[in-house]
Every structure is written in structure tokens, then in C-alpha cells.
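Sequence lines, in order, name chains A and B. The numbering of the first sequence is full-length UniProt numbering, which starts it at 1 and goes up by one. The numbering of the second sequence is full-length UniProt numbering, which starts it at 1 and goes up by one.
One or more of the hints may lead you astray.
[Stated by the list, open to error] Selected chain A positions facing chain B (in silico; Cβ < 7 Å):
no., residue
1, F221
2, V390
3, T392
4, V395
5, E399
Worth flagging that the hints you see were computed from the coordinates, not collected in a lab. Where is the CB? At the ideal position from N, CA and C, for every residue including glycine.
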Amino acid sequence: MWWRSPSFILDNRQQQQPYDTARGDALSIPLSSPLPPSTTMADPNPNPNPNPLTDKISAYYQTRAAHHGVVSSDWLAQAQAAVGHLPEGDDDANTTDQGASSGKPFSVIDEFNNWRKQPDLAEAVAAIRALAAVIRNSQATTMMELEIELKKASDSLKSWDTTSISLTAGCDLFMRYVTRTSALEYEDFNSAKTRLIERAEKFGEISYKARKIIAMLSQDFIFDGCTILVHGFSRVVLEVLKTAAQSKKLFRVFCTEGRPDRTGLRLSNELAKLDVPVKLLIDSAVAYSMDEVDMVFVGADGVVESGGIINMMGTYQIALVAHSMNKPVYVAAESYKFARLYPLDQKDMGPALRPIEFGVPIPSKVEVETSARDYTPPQYLTLLFTDLGVLTPSVVSDELIQLYL
Amino acid sequence: MEFLCTAKKKRSFRVYVAEGAPKYQGHCFAKDLSEEGFKTSLITDSAVFAMISRVNMVVVGAHTVMANGGIIGPVGLNILALAAKKHGVPFVVVAATHKLCPLYPENPVVRLNELKSPSDLLQFGEFSECMELAPDSSACVLNVVIVNPAFDYVPPPQLINLFITDIGGHNPSFMYRLIADYYSAEDLIL
Chain A
1 MWWRSPSFIL
11 DNRQQQQPYD
21 TARGDALSIP
31 LSSPLPPSTT
41 MADPNPNPNP
51 NPLTDKISAY
61 YQTRAAHHGV
71 VSSDWLAQAQ
81 AAVGHLPEGD
91 DDANTTDQGA
101 SSGKPFSVID
111 EFNNWRKQPD
121 LAEAVAAIRA
131 LAAVIRNSQA
141 TTMMELEIEL
151 KKASDSLKSW
161 DTTSISLTAG
171 CDLFMRYVTR
181 TSALEYEDFN
191 SAKTRLIERA
201 EKFGEISYKA
211 RKIIAMLSQD
221 FIFDGCTILV
231 HGFSRVVLEV
241 LKTAAQSKKL
251 FRVFCTEGRP
261 DRTGLRLSNE
271 LAKLDVPVKL
281 LIDSAVAYSM
291 DEVDMVFVGA
301 DGVVESGGII
311 NMMGTYQIAL
321 VAHSMNKPVY
331 VAAESYKFAR
341 LYPLDQKDMG
351 PALRPIEFGV
361 PIPSKVEVET
371 SARDYTPPQY
381 LTLLFTDLGV
391 LTPSVVSDEL
401 IQLYL
Chain B
1 MEFLCTAKKK
11 RSFRVYVAEG
21 APKYQGHCFA
31 KDLSEEGFKT
41 SLITDSAVFA
51 MISRVNMVVV
61 GAHTVMANGG
71 IIGPVGLNIL
81 ALAAKKHGVP
91 FVVVAATHKL
101 CPLYPENPVV
111 RLNELKSPSD
121 LLQFGEFSEC
131 MELAPDSSAC
141 VLNVVIVNPA
151 FDYVPPPQLI
161 NLFITDIGGH
171 NPSFMYRLIA
181 DYYSAEDLIL
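With the hints as constraints, model all of the structure from the sequences given.
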């Protein structure tokens, strides 16, 4: 749901009214989610902005900040606390495995959260594993019941965080992949269930291995002596660069700082460990350094039907600059991120907000643009590296049809 | 050539041929065309931008068609494509399906180009004028470096308007489909 009006005065008047209704809005993320708050939230928010939209803080980006934020002492303390939770989570899964009727009922959200806490695992893969666990732990005795349970679990996962595109797309694709099989024609329910579990595990494996495939495909495009500009902390892009570094290619990387998540700092840490020469740029310095750059590499939060991508705020800007200077923009995205969306402009997607702190208190009348992501149209992208192969943006809609049909 | 001959049966038109240094194959082509009865004009490569406003369409052949719809062709093609784009002239590529290639042009300047002998540009006799003897050795040092690339890469999608293949006319963004049809998936993932 999006709203925009030609006049910001009207906007302001409207803001006063839905302030009360936003509290009861089903879309607002419950703040009691079992999630260690990120470092930026740990600081007392110096911005006393009575903006009702702060209720809808995107949990997806909170997670990413939690995974990718620079380690600070607050974070370490929270990490210790989180590790303390983890063994209990495993016990829960074990007891329900044995079909014990005591103990709390199997919750897909809990399972999902357990998987999600591993920083190496993409969110959609965590969701897929959680859904596979749903099948395993299901008490259903007929196929219909199992499918309904699966659908319910998938819906609850999707509604847990409505802003995450890869989560929604991953759940949808999982449902299609698993249930669209002729093996469901078995008379014996148990063997059909086993078959479903096998397919679910296989899908999880494919998604997990997608990063390696993408890294392999993109090796040809990194030549000796090239300069790569990277934006946002994408684990896929990191894998690509790691593989290139390990095959002894000589290249250097420019990292944008990536406010407010400090993704650039984190990425430059990782690259420094690989002995790749890294240079940090503030986000505004991209156009300044673009002439030295040979190619731009970004990941994606979601790939949409038009062939464009949704990624961290700032990607659109960089793509525009690269396009105007004739530099190729390469996107590395796994296939489960392909979503059935077609945004027509920047505000067409649901809002995903991140609190931004400026370090100094801001007067309450000043608004802050806190959106965490933007949409890059396909004409500014050169190629997409996916586990389905190397694609041009115009091919994406074809692949989407094949995936979703 | 065949393309133009078949077209001649239905329409009448002038043909401008760029001479295509350093091989000057344009000269032979223009001669063949005039023997077939076309109204032909021969221009130098540098005159392409000047003459482009007088033409309605640019037709070229290609050496290969890449997976993203770009083409590799004889050197000078990129200039022609840029000139056509600037003046809004349609750029049509005539290429049969046996020219399709599943590779993507990663770094076309380096990877997909061949440097040919500089003798095309400069006669060996003239070399001696460019060389000078290094004071402390008897070897000859060449003062001038001669680069003679054989191929040119034309990037889609802005520059190429239409592909004419033996199975019909297509958009450059459709080329990947033909490649997927003609090549098996194992060929595509290198």
C-alpha cells in the first residue's frame, strides 16, 4: 500500500489523522519480535520525531544490520544472549520431532528464527528450511491437510515481515516446487510425505549452493587489473570476489560506505582479510570515482518482473552514474529472489524503513527519509548473474514465467 | 550482397559503401555492386559521420552474434553504429543463425579482438624511416607503435535495431532465445 500526493501540505494533514489508526494496522511489525536490536537502536534515539511510520520498521533490514553491523560491545553482549537461546531452540525442535504431545506446539516462526540467526544463511533459505521442517513435523494424515498446513505456515512467515521480498518469493517458489510433483499420486501417505521432504531438502540445497554457482559464472568477467565498485553487503558478491581472489586475480575494490548500515565497513573488513586492495568511498563520492571504475557489482534484495532490481538505498544512484559513464552494472542474485512484482516507480513498493541516526539531535519538525531500499529499472543494468545462468534484464521475465508456472 | 540483390528486385535505392581500411575490401564490394547494376557510392571511413544524414538505413553483416545481442564485426562497425544512433538511422544486422555464440562479451577490447599485422598500415619499407638506432646497441627501435585490431564490438541494445536471421527478423534482446534453442544448456555454462 502506498500513498503519495502532489502536495506535501496535504500529506502532512493526512499524517495527523492515520496516526491513531496506524497503531491498529495489521501491517505494523510487532516490536516484540525475538530479535536482538541492532546497534543503531541500542543508542537512545536522538531523533524525537513523532512520525507514525516509525512503527513499521522493517524487520528484514534490522536483521541485516544485526548480521552486518560493525562489532561493538553492545552487539557482543546481545550475541552472547542470543547464543544462550540457541540450544533451547534445538531442544524444542527435537522434542517435537519425536512427536511428543507435551511441550509447546511446533512454531514455524521459531524454527525460522533459529535458522535466520546464522549470519551466513540467506533469509529465504532459512524460510525454506523452516518450511521443510514443517512438513517433517506435521501431524497431518492426508495430503490436503498437509498442503493446508504448509500454506498456513508459509502465510505466517510472509506476514511476519511483509517488507522482505526474498522471503515472500522464496516461500512462493518453495510451495510450487514441492507441491507440483506427480509423486503426490502415491497411495501411501507416508511415502508421499517422504518424497515431499526430499524435494524440500533438495530445494534447500539448491538455494544454498546458488552462491557457488553464481561465483563460478562471474569469474570470467573479472579480469586482471580491473577496478570493481561494490555497494551494500551482499554475501553473493562477497563470494564472487572471494573466488576471484582465490584464483589469484589482481583487482581492486571500491566500497561505498553504505550509510546507515555501515555495510561498506563490514565488506572492507572481509576483503582486507582476503588481501584484496580496498578503498572506501563515502556514498557521495561515487560519481567522483566512477571514471576509475571498470564495473559495478551489486547484489539484490529482489529481482522484479521488469528485469530491474530492488536493493539497498543508493543502488539506483550508482546505476544511473555508471550508465551515464558507460560502465557495466552487474547484479548477482539467486533465483529464489525473483518476485512477481512490477514497480512502476520508487514509491510503488511497500515501505521498508530503517531508523537513521545522525549523531546529533535533530529538531522535531525535520523529517528524515528513512526508506531502506530503492528500485533500479532494467535499462541501467547490464547483466544479471543467477544460478539459472547469466541473463540480460530482458530475459528475466521469461525465466520468471518458467519458475512460477 | 545477396540481401541487397533480392531487395533490388522490388525497390530501387542507392548504396553507400565505406571503403573499410586497411584492407579496402569496400573497393571490391563497390565494384561488385556496380556490376550488379546498383547505384553505388564509395566513401572513406572517416566520412561516415558526414554522410550518415543522407542515408535511411544502415545494413551490415557480422562475424558473430554474442549472447547479449551484441555483434562482433569488422573494425569500424562501432563508429558506424554510433553515427547511426546519433542521427536516428536504423541499424540492421544481417546474420545467419550459424553465427550465434553463447559467450558474453566480458572485456571485448581484450578478449575478443585479434591484432593483425601492422604491414597493412605501413609498408615495410616505410618502417625504416620510423626506426632509429639505439645508441648503445645495434638493435633498431621502432618509434611508432602500430595497432591493427581486426574486430569491433557493437553493444546492444541501444545501437542495434534489428537482426535479420534466416528464421525472421528479431529484436537484439531475443537473441538469447535463439542461442538457448540451438545450444544445449551445458554449452552455456562454461
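Tested hints:
1. This hint holds: F221 of chain A has a C-beta 5 Å from the nearest C-beta of chain B, less than the 7 Å allowed.
2. With a least beta-carbon distance of about 6 Å to chain B, the hint placing V390 of chain A at the interface is held under the 7 Å criterion.
3. The criterion of a C-beta within 7 Å of any C-beta in chain B is met by T392 of chain A, whose closest approach is roughly 5 Å, and the hint holds.
4. Given hint, V395 of chain A at the interface with chain B, holds; its Cβ is 5 Å from that chain's nearest Cβ, closer than 7 Å.
5. For E399 of chain A, the suggested interface contact is broken, since its CB lies about 10 Å from the closest CB of chain B, more than 7 Å.
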